[in-house]
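Top line first, the protein sequences correspond to chains A and B.
Each residue of the first sequence is one higher than the one before, counting from 1 in the working numbering.
Each residue of the second sequence is one higher than the one before, counting from 1001 in the working numbering.
Here are the simulated lysine to any residue pairs, SDA-like style, with alpha carbons at most 25 Å apart:
id : chain 1 : residue 1 : chain 2 : residue 2
1  : B       : K1101     : A       : A97
2  : A       : K77       : A       : G44
3  : A       : K109      : B       : L1092
4  : B       : K1032     : A       : N113
5  : A       : K115      : B       : E1098
6  : B       : K1116     : A       : T94
Just so you know, these hints were derived from the structure itself, not from any lab.
Protein chains: 2
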Amino acid sequence: MKENSEKLAFAKIECADNLSAVEDAVYVLGGKWKLRIIVALVSGYYRFNEIQRAVQGISPRVLSNELKMLELNGLVKRTVDSEKFPVLVEYLPTEYAETLKELVSMLGKWGRNHKKRITLSV
Amino acid sequence: MKENSEKLAFAKIECADNLSAVEDAVYVLGGKWKLRIIVALVSGYYRFNEIQRAVQGISPRVLSNELKMLELNGLVKRTVDSEKFPVLVEYLPTEYAETLKELVSMLGKWGRNHKKRITLSV
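Can you build the whole structure from these sequences, using the hints too?
This is how it looks when you write it as structure tokens:
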């Protein structure tokens, strides 16, 4: 009995721990756009307009905010090449953003599979 | 030159494909709560009040909506045991929800790591 309640207490702590870790990740990556922006960056779209075209439906204002948030979290680096005219501004995925590659590809796989599943069941 | 532009076209199609798959996944799992609810369910919280306590900050109304959405997507099964008094309603993760386990644990790992990183850099 005691062992059982200890096990339960442990499961609860573990769950709370997982919950807060997932919460942290969702805080950084969550929302409608961030992961999609990261896919676009990793796919080689670096300029604002390119990214906006790739991530369909996002407004310039929201994209600008999202890029700032991603920069604050160390996932994007904004570079300015003022030698060029017009000045070339690029948003490059950082090395740290590479840590998301596997996660994003897994999410993509799941999404593809889920779409098939939902389409078949309707 | 031609080969290059072909490559580019392929990369674009691949990117669009990934983007829409990630979009599908984010549509089902995105938002502030869904993944956290799934963590709670997988951790063994099945009753409405239990889940609400585990997912801190969620209102009953939002939780109820989120559970309905998850049920529509085949990730949760609502069971009613009317033999009991009061009637026992439970929300059980489906077998299909198991396909998210790896994804969620990866997300949790990333979140834990990211928090460390951010805490150290401040």
